[in-house]
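Engineer: Protein chains in written order, with the numbering used here: chain V, 1 to 144; chain U, 145 to 288; chain P, 289 to 432; chain G, 433 to 576.
Note that these hints are calculated values from the structure, not bench results. Since we're looking at a predicted model, the values are computed, not measured. Ideal Cβ placement from N, Cα and C applies to all residues, glycine included. Honestly, I wouldn't trust all of these hints.
Said to hold, decoys possible - Which chain V residues face chain G? A few, computed with CB under 7 Å, are given here:
1) Val67
2) Ala70
3) Arg73
4) Tyr74
Unchecked claim - Beyond 10 Å from chain P on every Cβ pair, some chain U residues (computed):
5) Arg163
6) Leu228
7) Ala240
8) Glu251
Unchecked claim - Cut-off 35 Å, straight-line C-alpha distance, at most; resulting in silico cross-link-like pairs (DSBU-like, lysine-lysine):
9) G:Lys560 x G:Lys488
10) U:Lys200 x U:Lys272
11) G:Lys560 x P:Lys416
12) V:Lys56 x U:Lys272
13) P:Lys416 x G:Lys488
14) U:Lys200 x V:Lys128
15) P:Lys344 x G:Lys560
16) G:Lys488 x P:Lys344
17) V:Lys128 x U:Lys272
18) P:Lys416 x P:Lys344
19) U:Lys200 x V:Lys56
20) V:Lys56 x V:Lys128
Protein chains: 4
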Amino acid sequence: MNNTLRTEALEGEVLYSHRVSYGETDCMGVLYYAEYLHIFERARNAFTHARGLSYKEVEERGIYLPVREALCRYRSPARYDDLLMVGCRVTRPRRASFTFSYRIFDEECVLLLAEGMSEHACTDARGKPVVAPDWFRRAFFPPA
Amino acid sequence: MNNTLRTEALEGEVLYSHRVSYGETDCMGVLYYAEYLHIFERARNAFTHARGLSYKEVEERGIYLPVREALCRYRSPARYDDLLMVGCRVTRPRRASFTFSYRIFDEECVLLLAEGMSEHACTDARGKPVVAPDWFRRAFFPPA
Amino acid sequence: MNNTLRTEALEGEVLYSHRVSYGETDCMGVLYYAEYLHIFERARNAFTHARGLSYKEVEERGIYLPVREALCRYRSPARYDDLLMVGCRVTRPRRASFTFSYRIFDEECVLLLAEGMSEHACTDARGKPVVAPDWFRRAFFPPA
Amino acid sequence: MNNTLRTEALEGEVLYSHRVSYGETDCMGVLYYAEYLHIFERARNAFTHARGLSYKEVEERGIYLPVREALCRYRSPARYDDLLMVGCRVTRPRRASFTFSYRIFDEECVLLLAEGMSEHACTDARGKPVVAPDWFRRAFFPPA
Numbered sequence: 001m002n003n004t005l006r007t008e009a010l011e012g013e014v015l016y017s018h019r020v021s022y023g024e025t026d027c028m029g030v031l032y033y034a035e036y037l038h039i040f041e042r043a044r045n046a047f048t049h050a051r052g053l054s055y056k057e058v059e060e061r062g063i064y065l066p067v068r069e070a071l072c073r074y075r076s077p078a079r080y081d082d083l084l085m086v087g088c089r090v091t092r093p094r095r096a097s098f099t100f101s102y103r104i105f106d107e108e109c110v111l112l113l114a115e116g117m118s119e120h121a122c123t124d125a126r127g128k129p130v131v132a133p134d135w136f137r138r139a140f141f142p143p144a
Numbered sequence: 145m146n147n148t149l150r151t152e153a154l155e156g157e158v159l160y161s162h163r164v165s166y167g168e169t170d171c172m173g174v175l176y177y178a179e180y181l182h183i184f185e186r187a188r189n190a191f192t193h194a195r196g197l198s199y200k201e202v203e204e205r206g207i208y209l210p211v212r213e214a215l216c217r218y219r220s221p222a223r224y225d226d227l228l229m230v231g232c233r234v235t236r237p238r239r240a241s242f243t244f245s246y247r248i249f250d251e252e253c254v255l256l257l258a259e260g261m262s263e264h265a266c267t268d269a270r271g272k273p274v275v276a277p278d279w280f281r282r283a284f285f286p287p288a
Numbered sequence: 289m290n291n292t293l294r295t296e297a298l299e300g301e302v303l304y305s306h307r308v309s310y311g312e313t314d315c316m317g318v319l320y321y322a323e324y325l326h327i328f329e330r331a332r333n334a335f336t337h338a339r340g341l342s343y344k345e346v347e348e349r350g351i352y353l354p355v356r357e358a359l360c361r362y363r364s365p366a367r368y369d370d371l372l373m374v375g376c377r378v379t380r381p382r383r384a385s386f387t388f389s390y391r392i393f394d395e396e397c398v399l400l401l402a403e404g405m406s407e408h409a410c411t412d413a414r415g416k417p418v419v420a421p422d423w424f425r426r427a428f429f430p431p432a
Numbered sequence: 433m434n435n436t437l438r439t440e441a442l443e444g445e446v447l448y449s450h451r452v453s454y455g456e457t458d459c460m461g462v463l464y465y466a467e468y469l470h471i472f473e474r475a476r477n478a479f480t481h482a483r484g485l486s487y488k489e490v491e492e493r494g495i496y497l498p499v500r501e502a503l504c505r506y507r508s509p510a511r512y513d514d515l516l517m518v519g520c521r522v523t524r525p526r527r528a529s530f531t532f533s534y535r536i537f538d539e540e541c542v543l544l545l546a547e548g549m550s551e552h553a554c555t556d557a558r559g560k561p562v563v564a565p566d567w568f569r570r571a572f573f574p575p576a
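Start from the sequences, fold in the hints, and give me the full structure.
Structural biologist: As structure tokens, this is what we get:
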């Protein structure tokens, strides 16, 4: 369509596409800053489905992944009806926690609109930290 | 402040005030239509607190109040930083269900911006309909 | 897959599929009642795209469609990670307003989870009611 | 009421109280992680009102404050109907940008539930960075 280089996917990155709705925008005319965290959640859900799991199943196996920290850098605004391409991958696998990293691009995957991360603990149903089990590491973590 | 007649409160109506945030507006510059249902929820929570209860306690006593139907009529838009005055009362007490009715006014309680209702069933924790117990009727329902 | 009859699409109905996210659920474990109105918006956006337009273009042509009334009947709860099938169609075309009707089904299109409607005015940029222009009626309204 | 030391307010910190609604919780039973950014917005709006301004007026004077980065650290979950005490202050005043820092406490101001920040640019209506004008610095920034 044009000769602009598309941004390459990073290793292990899963793509999720998201259409900006009216309800996600604010009176400045752009995607509201808290909505990026909802989109991050949808992107890591797509990541989990791509790994052959669902977060629901992860919970049913007794592993919960509460968010310990979330960060977003806003580079260029998104607007109503924009189609966003969102990359999600695991970047810092540790014993009992890990990080999802996100990149939000425009429809052409050329312009980086935002990037962010969420750090998750692995806990049991009562919130006690647990070491990530092998089945979880194999599905979620990049090969060593 | 001025000689405009303020709207009178209706019998049993509890007032809740709400400041419109940026995140509640949309790119048309007004309060997004789904946000009214969030405000209705905050208004019926204020109603419940005014009756000496909290919805949390109602649930702890085994009564759940899932919404069966919700309706909102939008008369005049609300904008960022507007202070809204929201009236809430019980309008249709029945054996195992009832209705909350809402009126949203501007800060002066002169202009009616929206009105709506939510119909609630009384159920147990598993969602089975139950007759509203006496302590609940005394707190929530208007005197016969 | 099974012998249950799928629900048939109604005339002019456009289907939109929606995955329930964590952020759309509440502490009762189900899709929060205000989120249905966000899903309705996404469904009418899908309807508009299926008609070869986008709501952004409609606005750029000078037609705005503010919501006058919205209603939802909640029949059976939806839960995290459920895939919902949402039907949307125009049901009451009038001179300067019309109604979108919605049906939300489970993934198999067998169980009706919710149904609702939103009534829209046709206005200019300043909110003044206008008669729906021909290009709009041809795209949105069912044939007479 | 008890002998627990309340946390002291920091210099220039403005307090905002927020009741957690049903719609802000998720199916893990806690305040959803994106909702903290909505609460941050309400807290900086309370800060602005305490400084004798409103963000609406700031925009009307031609200064816009888009978010460049947002961060939240989640220490302990908040639940439905909890009353949160939120402290907000300006921490990094610069020429054309500044940072709001937030602390979210429980009702007693004893337990720190979350902390975060949002970095804002000062721009004109078209998004071009501008030096923060004197009236803005006097109202928002701590004395040197």
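Engineer: Against this structure, judge whether each hint is valid.
Structural biologist: Each hint, compared with the structure:
no.: 1; hint: Val67; verdict: 5 Å, holds
no.: 2; hint: Ala70; verdict: 5 Å, holds
no.: 3; hint: Arg73; verdict: 5 Å, holds
no.: 4; hint: Tyr74; verdict: 6 Å, holds
no.: 5; hint: Arg163; verdict: 18 Å, holds
no.: 6; hint: Leu228; verdict: 16 Å, holds
no.: 7; hint: Ala240; verdict: 16 Å, holds
no.: 8; hint: Glu251; verdict: 21 Å, holds
no.: 9; hint: G:Lys560 x G:Lys488; verdict: 18 Å, holds
no.: 10; hint: U:Lys200 x U:Lys272; verdict: 19 Å, holds
no.: 11; hint: G:Lys560 x P:Lys416; verdict: 33 Å, holds
no.: 12; hint: V:Lys56 x U:Lys272; verdict: 25 Å, holds
no.: 13; hint: P:Lys416 x G:Lys488; verdict: 25 Å, holds
no.: 14; hint: U:Lys200 x V:Lys128; verdict: 25 Å, holds
no.: 15; hint: P:Lys344 x G:Lys560; verdict: 25 Å, holds
no.: 16; hint: G:Lys488 x P:Lys344; verdict: 26 Å, holds
no.: 17; hint: V:Lys128 x U:Lys272; verdict: 33 Å, holds
no.: 18; hint: P:Lys416 x P:Lys344; verdict: 18 Å, holds
no.: 19; hint: U:Lys200 x V:Lys56; verdict: 26 Å, holds
no.: 20; hint: V:Lys56 x V:Lys128; verdict: 19 Å, holds
In summary, this structure violates none of the numbered hints.
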